[in-house]
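For reference, the chains in residue letters:
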Amino acid sequence: RKEVEQDPGPFNVPEGATVAFNCTYSNSASQSFFWYRQDCRKEPKLLMSVYSSGNEDGRFTAQLNRASQYISLLIRDSKLSDSATYLCVVNNLGANAGKSTFGDGTTLTVKP
Amino acid sequence: NAGVTQTPKFRVLKTGQSMTLLCAQDMNHEYMYWYRQDPGMGLRLIHYSVGEGTTAKGEVPDGYNVSRLKKQNFLLGLESAAPSQTSVYFCASSYARASGGKETQYFGPGTRLLVL
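For the record, the sequence lines run as chains R and D. Quick note on this note's numbering: the first sequence kicks off at 5 and runs consecutively. Quick note on this note's numbering: the second sequence kicks off at 12 and runs consecutively.
It is possible that some hints are incorrect.
Claimed, not checked - Below, computed lysine to aspartate or glutamate pairings styled on DMTMM-like, alpha-carbon distance capped at 20 Å:
| # | chain 1 | residue 1 | chain 2 | residue 2 |
| --- | --- | --- | --- | --- |
| 1 | R | Lys6 | D | Asp49 |
| 2 | R | Lys103 | D | Glu70 |
| 3 | D | Lys68 | R | Glu7 |
| 4 | R | Lys103 | D | Glu90 |
| 5 | R | Lys49 | D | Asp37 |
| 6 | R | Lys103 | D | Asp73 |
| 7 | R | Lys103 | R | Glu19 |
Hints are computed from structural coordinates only; laboratory data are not their basis.
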């Protein structure tokens, strides 16, 4: 089993739709969580951190459920420019401090 | 600030050749990382460094070596390239491992390597 698993996708949605991605992690000692966005043939860039209390940034909402060990990303009112691959990232402390584990990514295509 | 830069951007090697990929950051970050990304897959950590003069193995270190002689530079070496090392290589850096946003990783634009 992979340490970080994401919905395989791809997700194809019309403009204005709401779409949600899930990510599960297996290491209960994981400490911090992130969503990165990667455009085609570009480097990943931080989209948002994920906090225990949940956090929102405009049309994007991230949630963390430590008991079930999953995080989610909700995108409301999808735009064409949201088309990208979304990577779930988990950081661990302790013995694995300094390392991040990336999910394989979920590809989103928003169509007119 | 240039952020994280990588050289070269693209390279073609023949099996058995060697090369060094250079990563440089001007953000005074302590942590630096080398990842590879294969088609349709996420990033896999090759090696990382938690400070000048230190390196550690990641998830897929075999066939690669690294050095961090200066804080701002992190070099990735392929001693004898193999077709299985055809991939896109990303370097990244972060300020620290603590929480509070300082562990955000900033990536370079990538190096596309083709091994024939």
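Structure-based check of each hint:
For the hint pairing lysine 6 of chain R with aspartate 49 of chain D, the CA-to-CA distance comes to about 16 Å; that is within 20 Å, so the pair holds. Taking the CA atoms of lysine 103 of chain R and glutamate 70 of chain D, the gap is near 9 Å; set against the 20 Å cutoff, the hint holds. Annotation: proposed proximity of lysine 68 of chain D to glutamate 7 of chain R holds, straight-line Cα distance about 17 Å (limit 20 Å). Restraint check for lysine 103 of chain R and glutamate 90 of chain D: the C-alpha separation of about 24 Å exceeds 20 Å, so the hint is violated.
Between lysine 49 of chain R and aspartate 37 of chain D the alpha-carbon distance is near 17 Å, which keeps this suggested pair within the 20 Å criterion. Using a Cα cut-off of 20 Å, the hinted pair lysine 103 of chain R and aspartate 73 of chain D holds, with the two alpha carbons roughly 17 Å apart. Pair hint lysine 103 of chain R plus glutamate 19 of chain R does not hold up; C-alpha atoms about 36 Å apart against a cutoff of 20 Å.
Of the numbered hints given earlier, the model fails hints 4, 7; all others are met.
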